[in-house]
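Construct the entire structure; sequences and hints are all you get.
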Amino acid sequence: MEVKWAIDAKNDYHNALDYWYEHNGSFTYSAKIIQAVEALEYDLANNPYFVGRYSKSLNLYCRTILKGRFLIYFDVNEKEKSIEIVYFRSSKQESIE
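Here the sequence shown is numbered in my numbering, starting from 1 and rising by one per residue.
Bear in mind the hints are in silico, worked out from the structure with no lab data behind them.
Think of the CB as a built atom: it goes at the ideal place given N, C-alpha and C, for glycine as much as any other residue.
Wrong hints could be hidden among the right ones.
As the list claims (entries may be wrong) - Pairs of lysine-lysine, BS3-like flavour, derived with a Cα cap of 27 Å:
| # | residue 1 | residue 2 |
| --- | --- | --- |
| 1 | K10 | K56 |
| 2 | K56 | K79 |
| 3 | K4 | K92 |
| 4 | K10 | K79 |
| 5 | K32 | K67 |
| 6 | K67 | K10 |
| 7 | K81 | K4 |
| 8 | K56 | K81 |
| 9 | K32 | K79 |
| 10 | K4 | K79 |
| 11 | K56 | K32 |
| 12 | K67 | K56 |
| 13 | K56 | K4 |
| 14 | K92 | K32 |
| 15 | K92 | K10 |
| 16 | K10 | K81 |
| 17 | K32 | K4 |
| 18 | K10 | K32 |
| 19 | K92 | K67 |
As the list claims (entries may be wrong) - Here are the computed distance ranges between Cβ atoms for each label pair:
| # | residue 1 | residue 2 | range |
| --- | --- | --- | --- |
| 20 | D18 | N77 | 26 to 32 Å |
| 21 | D75 | S26 | 30 to 36 Å |
| 22 | K10 | S95 | 17 to 23 Å |
In structure tokens:
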């Protein structure tokens, strides 16, 4: 399946990378986030239902990365054979559920 990003999710992802670069003064942690997201995209493309828990209230699946520090909410569209990442959030942000 193809993995796509919603515009807001992609913006939030890039904002998180920028924040951690500025906060730490190096790109090391941002690189870890990128690596974790790329690994998740690979897992989603190959078996989207196995890697996430379902949220009935949002009608989306959710997966955490980096020991629960970030949450990625996604939708699986069997008809289009695609997965859309709808939200990229820090676990410190207010819950959307």
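Status of the hints after comparison with the structure:
1. This hinted pair checks out: K10 and K56 have alpha carbons roughly 23 Å apart, not beyond 27 Å.
2. Between the alpha carbons of K56 and K79 the distance comes to roughly 20 Å, so the proposed pair stays at or under 27 Å and holds.
3. With a CA separation close to 24 Å, the supplied pair K4 and K92 stays within the 27 Å bound.
4. For the proposed pair K10 and K79, the alpha carbon gap of about 23 Å is at most 27 Å, so the pair holds.
5. Distance hint between K32 and K67 is fulfilled; the C-alpha atoms sit about 12 Å from each other, no more than 27 Å.
6. Distance hint between K67 and K10 is fulfilled; the C-alpha atoms sit about 21 Å from each other, no more than 27 Å.
7. Taking the CA atoms of K81 and K4, the gap is near 11 Å; set against the 27 Å cutoff, the hint holds.
8. Between K56 and K81, the direct Cα distance comes to roughly 21 Å. Compliance with the 27 Å bound is thereby established for this hinted pair.
9. Distance check on the hinted pair: K32 and K79 sit about 33 Å apart at the alpha-carbon level, beyond 27 Å; violated.
10. For the suggested pair K4 and K79, the alpha carbons sit about 15 Å apart, so the restraint of at most 27 Å is met.
11. Among the hinted pairs, K56 with K32 is inconsistent with the structure: their alpha-carbon atoms are about 30 Å apart, more than 27 Å.
12. The hinted pair formed by K67 and K56 meets the criterion: a straight-line CA distance of about 23 Å does not exceed 27 Å.
13. Taking the CA atoms of K56 and K4, the gap is near 21 Å; set against the 27 Å cutoff, the hint holds.
14. A hinted pair counts as satisfied when its Cα atoms are at most 27 Å apart, and K92 with K32 qualifies at roughly 18 Å.
15. A threshold of 27 Å between alpha carbons decides the hint, and for K92 with K10 the separation of about 18 Å falls inside it, so the pair holds.
16. Restraint check: the Cα-Cα separation between K10 and K81 comes to about 20 Å, which is no more than 27 Å; the hinted pair holds.
17. For the suggested pair K32 and K4, the alpha carbons sit about 20 Å apart, so the restraint of at most 27 Å is met.
18. Distance hint between K10 and K32 is fulfilled; the C-alpha atoms sit about 17 Å from each other, no more than 27 Å.
19. A C-alpha spacing of about 13 Å is found between K92 and K67, which places the hinted pair at or below 27 Å, so the restraint holds.
20. Distance hint for D18 and N77: a CB-CB separation of about 30 Å, consistent with the stated range 26 to 32 Å.
21. Distance hint check: the CB atoms of D75 and S26 are about 34 Å apart, consistent with the given range 30 to 36 Å.
22. Roughly 21 Å separates the CB atoms of K10 and S95, a value that falls within the hinted 17 to 23 Å.
Consistency with the previously given hints fails for numbers 9 and 11, ordered from lowest to highest.
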